[in-house]
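J.: Sequence:
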Amino acid sequence: MKYSRQTHVKERTSTKMNHTRKEIIITLAVNVVLPYLIYTLLIKHTGSLWALSAASVVPLVDSLYSLIKTRKADMFSAFIFIGLILGVAAVLLGGDERFILLRESYVTGIMGLLFLLSLLLKRPLIYYFAERFTGRDANMEEKWRHLPRFRHTFRLLTAVWGVALVLEAVVKVGLVYILSVPSFLAVSPFASYGIVGVTIWWTVRYVKRVKKQASPGLQPSE
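Residue numbering for the sequence shown follows our numbering, beginning at 889 and increasing consecutively.
Quick caveat, the hints were computed from the structure, so don't treat them as lab data. These numbers come from a predicted model, not from an experiment. Some hints here could point you the wrong way.
To be verified - Straight-line distance between alpha carbons at most 30 Å, and here's what the computed DSSO-like set of lysine-lysine pairs gives:
| no. | residue 1 | residue 2 |
| --- | --- | --- |
| 1 | K1096 | K1010 |
| 2 | K932 | K1010 |
| 3 | K1031 | K1100 |
| 4 | K1099 | K1031 |
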């Protein structure tokens, strides 16, 4: 009987993990890969404005579909949509050579600020991202209500990513006024990938450690 229960738990865990992986793949394909492909294909023929505008339609439609289906706003699609709209706004603003070089950094900085501002809300942004990837697991809501460590984890992740995105923008703004244009183009990718890469590395290690520490009893109290 004990073996049977353990097998059942393992099967449920495996099914849940497969469902989560499927949700992650679909979400990233619709909200990241597809807009990128649309932008890449159109930029050669229409310019940045129309390419970004067309790419922004996909996460908007996905967000509306999710809203109609679940009657709950999809924060992940909305976040991607806002980022693309900010990109369109940056293109419309034009500006000098340095401003053009920093268009993506301004968007990154604003998105980082949105992460940080979400800490003032009932739930931080990364909670909503995780909720989307796990298919709005009801267990997440219960853990959020009953487990302070669970809430701390999502708030810390949101804070770290907010700081990282703002830091990337600040570093690139500094570099563009210190270096020549060719030097900036050569150095700035290393700054971006370095900051984001370190943040991803920390996130993976932190989440693994939290899961390991929580595995014996990260369950809501009765």
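J.: Kindly indicate which numbered hints from before are broken by the structure, ordering the numbers from low to high.
T.: 2
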